[in-house]
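**Student:** Knowing the structure of chain P, use the given hints to seat chain S on it.
Line by line, the protein sequences are chains P and S.
So the first sequence is numbered by numbering that gives the first Met the number 0: it starts at 0 and just counts up by one.
So the second sequence is numbered by numbering that gives the first Met the number 0: it starts at 0 and just counts up by one.
Hint data in this document are derived by calculation from the structure and do not stem from the laboratory.
There may be inaccurate statements among the hints.
[What the hints assert, rightly or not] If you want the footprint, here are the derived chain P segments under chain S, 3+ residues with CB under 8 Å: (1) 2-8; (2) 11-18; (3) 33-47; (4) 128-134.
[What the hints assert, rightly or not] Below, a list of computed lysine-lysine pairs in the DSSO-like style, where the Cα atoms sit at most 27 Å apart: (5) P/Lys56 <-> P/Lys125; (6) S/Lys135 <-> P/Lys58; (7) P/Lys125 <-> P/Lys84; (8) S/Lys57 <-> P/Lys58; (9) P/Lys56 <-> P/Lys84; (10) P/Lys58 <-> P/Lys84.
[To be verified] Derived DEER-like restraints, expressed as beta-carbon distance ranges: (11) P/Pro138 <-> S/Arg67: 21 to 29 Å; (12) S/Leu22 <-> P/Thr45: 18 to 26 Å; (13) P/Asp110 <-> S/Arg67: 33 to 41 Å; (14) P/Met10 <-> S/Pro106: 38 to 46 Å; (15) P/Arg121 <-> S/Gly60: 41 to 49 Å; (16) S/Met20 <-> P/Ala116: 17 to 25 Å; (17) S/Pro127 <-> P/Pro138: 35 to 43 Å; (18) S/Ser17 <-> P/Arg121: 34 to 42 Å; (19) S/Arg78 <-> P/Ile18: 20 to 28 Å; (20) P/Ser141 <-> S/Pro76: 28 to 36 Å; (21) S/Lys135 <-> P/Arg71: 44 to 52 Å; (22) P/Asp114 <-> S/Gly60: 51 to 59 Å; (23) P/Asp114 <-> S/Ser17: 31 to 39 Å; (24) S/Gly60 <-> P/Ile18: 26 to 34 Å.
We put the CB at the ideal spot given by N, CA and C, even for glycine.
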Amino acid sequence: MIELALSAGVMVACLAGTIQFGYTFYIYNELVTAVGNGGRYAAMRTFRAAGSRDIEKGKAAIRNMVAYGDPRPAPDALPQAANLKPEQVQVDWVMDESGTRPVAINVSIVDYTVDAAFGMFRFTGKPAVEYPFVGRFAPSESEP
Amino acid sequence: MRVRRHNRERGFVLIAMSVAMVLMLAVMGLAFDFGRIYIARNEAQVFTDAAAMAAASKLDGTDVGLDRARQAVGRLPMRWNLGTRPFTGILVEFSPDKQSWARVTAPDNAVEITFLRAAGGPAVFTVPAHSVAATKPVRLVE
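Next up, chain P with everything else stripped away, as it sits in the complex (with noise of 0.2 Å):
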């Protein structure tokens, strides 16, 4: 009995870290999807910028992307990794010399845990992509 509950205690503790580390990271697998899919989306559409409110509304659209793989999301629209959500996703746009025209665009996951059962981990900076802006420059245009 001694030596059944001695290497129980290892067996449960092996097997608790087996899920919590194999959730862990199946959510971070998820995530390097999300911003992989946010940043090419980010990357190809149009930069709109007749003013502050367009660059912000483009910017809530990337962040929809990455968290729901939807600029303009359902209502009920389910996100693409557990309880990640548009106020966790930074985005930021690299700008050239002169910082009018965006040349690339960088997006990461900020503030994120995930709670896999036996104990919590925190991703804050990554992950992180940074695209090229290949998409259309429109700075007198408004956003939809």
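**Tutor:** This is chain S only, laid out in the frame that chain P set:
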């Protein structure tokens, strides 16, 4: 009689746990090592997608354009292995006319195997990735 039967059963837990531990290592390997392999594969694919687009966006049919394309790939800050390691050995190839497409390969992403190794698996598992982007319009084609 009861004492004898008890003696014959001594050591059973040790044998059972030894067998179970090997199985447990294999299960841990499936979860931990395969998890890392899949993540590395995904990170490498996202990187080559971005790099191919960056390279294709710089092509203009000249050698200067090829240099600018290689520099654009080199400037990308993305990493792999849970975002901790830079990509190395990146291969950038172009269409013969130097302006139609760019292909980026990340061949050297070797994931160290931790648990499956103990259950007879390999020491490392390499997960290469490659992407091709066309220039007009700049888009991924593969």
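**Student:** If a hint holds in the structure, say so; if it does not, say that too.
**Tutor:** Hints, verified against the model:
no. : hint                              : in the structure
1   : 2-8                               : holds (count 3)
2   : 11-18                             : holds (count 5)
3   : 33-47                             : holds (count 6)
4   : 128-134                           : holds (count 5)
5   : P/Lys56 <-> P/Lys125              : holds (23 Å)
6   : S/Lys135 <-> P/Lys58              : holds (26 Å)
7   : P/Lys125 <-> P/Lys84              : holds (15 Å)
8   : S/Lys57 <-> P/Lys58               : holds (25 Å)
9   : P/Lys56 <-> P/Lys84               : holds (16 Å)
10  : P/Lys58 <-> P/Lys84               : holds (14 Å)
11  : P/Pro138 <-> S/Arg67: 21 to 29 Å  : holds (24 Å)
12  : S/Leu22 <-> P/Thr45: 18 to 26 Å   : violated (55 Å)
13  : P/Asp110 <-> S/Arg67: 33 to 41 Å  : holds (36 Å)
14  : P/Met10 <-> S/Pro106: 38 to 46 Å  : holds (39 Å)
15  : P/Arg121 <-> S/Gly60: 41 to 49 Å  : holds (48 Å)
16  : S/Met20 <-> P/Ala116: 17 to 25 Å  : holds (22 Å)
17  : S/Pro127 <-> P/Pro138: 35 to 43 Å : holds (40 Å)
18  : S/Ser17 <-> P/Arg121: 34 to 42 Å  : holds (37 Å)
19  : S/Arg78 <-> P/Ile18: 20 to 28 Å   : holds (27 Å)
20  : P/Ser141 <-> S/Pro76: 28 to 36 Å  : holds (32 Å)
21  : S/Lys135 <-> P/Arg71: 44 to 52 Å  : violated (29 Å)
22  : P/Asp114 <-> S/Gly60: 51 to 59 Å  : holds (53 Å)
23  : P/Asp114 <-> S/Ser17: 31 to 39 Å  : holds (34 Å)
24  : S/Gly60 <-> P/Ile18: 26 to 34 Å   : violated (55 Å)
Comparing the model with each numbered hint stated earlier shows that hints 12, 21 and 24 do not hold.
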